[in-house]
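Work the whole structure out from these sequences, hints included.
Chain order of the listed sequences is L and Y. Oh and the first sequence: position 120 is 123 in my numbering, straight run, nothing missing. Oh and the second sequence: position 132 is 135 in my numbering, straight run, nothing missing.
Take these hints with a grain of salt, some might be off.
[Unchecked claim] Computed footprint of chain Y on chain L, listed as stretches where at least three residues anywhere in the stretch have a Cβ under 8 Å from a Cβ of chain Y: (1) 199-210; (2) 249-262; (3) 267-274; (4) 396-410.
Keep in mind that the hints were calculated from the coordinates and are not lab data. Remember, predicted model here, so these are calculated numbers, not experimental data. Quick reminder that beta carbons are idealized off the backbone N, C-alpha and C, glycines included.
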Amino acid sequence: MRAFSLKLTVLLGTALGSLVFAPAFAQTTTITFYYPVGVAGPLARFIETYVEEFEAQHPDINVETVFGGNYVENQSKIVAAQRAGTPPDVAILLSQELRTLISLDVVESMQPLIDADPEGEAMIADFFPAFLLNSTLDGEVWSIPFQRSTPVLYYNKEAFVEAGLDPDSPPTTWEELIKYAKKLTQRDAQGRVTRYGIAIPTGDRSTWLTEALVMQAGGSLYDPNSDGKVVTIDTPAMRAAMQYVYDLQHTHEVSPKGVIAWGTVPNDFAAGNVAMIYHSTGSLGFIRQNADFEFGTAFLPANKQYGVPTGGGNFYLLKGSDPAKREAVWTFTKWMTSPELLARWSIDSGYVAPRISSWELPTMKEYVAQYPQALTAREQLQYAQAELPVYALQEIKDIVSKAEQDIILGNAKIEEALAEAQRRADQVLAAFR
Amino acid sequence: MKLKGYGWKTAGWMLAPTLFFLLLFTYGPALYNIVTSTAGFTRLFSSPANRNLLGVTLSYMTIVIPGAVLLGLGSALLVDGRTPARILARAVLFHPVILPTVAFAAVWLYLLNPVSSPIREILEWFMGGRRNILGSSTTALWAVALIGILKQFGLYMLYFLAGLQGIPQELKEAAWIDGAGRWKTFRHVVFPLLGPTLFFVASTALLDSLRNVDHIFVLTKGGPSDATNILLYRIFVLGFEYYDIPQAGALTTVLLFILTLTALLTMPRIERRVHYYGN
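Here you go:
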């Protein structure tokens, strides 16, 4: 009993104490900010540095950062926190999760904050339209682009020279890529591969690169007129995409076999063990710092056409967070998505600075002159489409990705796997129709 | 049932602090889950991903439980003793237990990488050619199971060492005088006396195999193609990634049922101390 009263005393004391001292801190607003890291490299450190600088410039705002893991983990934490009644005020989440987040009643539109700011409209007009595709719903901007990307082809220029290929003309079509990959694949005396021609990640329950292949084959993984309620998996374009991935591994044997993990591929490339990879432009920073050879970046090769989905994360406003803090949240969001900071973030990470005016800044011009590889993802935006924006997103991604893995592993024929995936996806989305 | 000098009231007061937290954080939520998850049961077996689940979970347990228990027992027998080499060996074998599972798994993710692994040559020799161990459905389950074993067996070794130290020296000496060799001493004296320890370790291993999933998050995320999608990982995905609480709740009820049944079946036996050497 004595211990109990002691605890009670301490509790009461703390409560009273905070009442007494509370007014002293009244001018400081504390906001909570969750963020993920989705690509290779020490990106969390950069984010923490930016936040520290923001706090130094805004002594009245205190930002509590929470590193939430990768995109999926970060979102799980945020939804759990929101369900528990303690949502963060602002967070970076995948831009393509918009509909899923709305259906979970987790996010609020940023539009009122944009409207309330006299500079708001001009600010939004400064973003590349492609990056607003997944951020906008019925003309309303729900989230502000921050770490945005497109997938690009990284290629090892030294390996190109070695294989007798021109290091300044990377493959532009699927056929060319296969031809190049064959030349770039090296085997030892026993026939074991010492360097692979190409690696396209197929793991980590993601469909991002699959979508790119489908777009290149002239299709899409979803019906754009269905308000996020129809996915189109069992299509000629998807079959072509799956055949391509399968052939690289099994017919031409120019790629590592089996399911290829997303996270380790940049390292395989930087170590010189794979001559070409498909990966996010966000990994450019990591590859630049770790590859001790000259490398280039290029558009993902075309089949019927060039095509990539945009990707990456936006600033979202969380439902149920304190409305009194909205001003601080907006100040922070605006600072983090300013042309200057987005340029810096782009240079630090490799993500595409999503604001047009970032590219006019002297630091950015200097960076691009030194690393022209950074331009590829931006120029590729002209072929970019919205990324899979459907409801129940992760479940749909898992269904598509399982079909793809079954095909690669030889567990199922392409037609069977895709028909089955289509059936299951329709079942899941039926709940939203 | 009245203890000398104390009544139910005293017992109640003494149990109250523990009971309060158990009710609030264990029994309460468990009951709440069972009541609210009934809606999820109807859909439980219609999902193809769930149908596959029980088989994968059972295969995983079949590898992990005997593997970790036997490895724990074997290494305990090998490193029992006071020579510096054995003490060092104990520390080395126990080391994975104190590492965070995520870090331990991340190291293996790097080691098993089919393209840039620093131990590629060894793996190729061992597997008879290059294999994408974590990226193919046949080997991935074995790999996560073996990594699960390596992470955990050091703890079981510790239990067995404690058990071994509880065996009176004079019994072993008596066996030696009677002409028993190392194997016979083990078979007829040591092993029977380790009975309660073995039983305890086996049930702990069973519970652990159902509870430990951290390495799956790092190594395979349930893939490739659901090959390592075990019960608890699936519950997490359903609950916190699909936000399908009823179905996650239904599967949690299934898990709870298995765990409770195991505990009910094993705990009384452990307390009965099934061995021949009384106090």
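Original post:
Within the assertion that chain Y covers the region 267-274 of chain L, do at least three residues meet a Cβ-to-Cβ distance smaller than 8 Å?
Top reply: holds (count 4)
Original post:
the region 249-262 of chain L covered by chain Y? Criterion: 3 or more residues, Cβ-Cβ distance below 8 Å.
Top reply: Result for this restraint: holds, n = 4.
Subject >> Coverage of the region 396-410 of chain L by chain Y (three or more Cβ within 8 Å) >> reply: As far as the region 396-410 of chain L goes, the hint holds, because 7 residues have Cβ atoms under 8 Å from chain Y.
**OP:** With a C-beta cutoff of 8 Å, work out whether three or more residues of the region 199-210 of chain L approach chain Y closely enough for the coverage to hold.
**Re:** The restraint on the region 199-210 of chain L holds, since 5 of its residues have a Cβ under 8 Å from chain Y and three suffice.
In terms of the numbered hints stated before, the structure departs from none.
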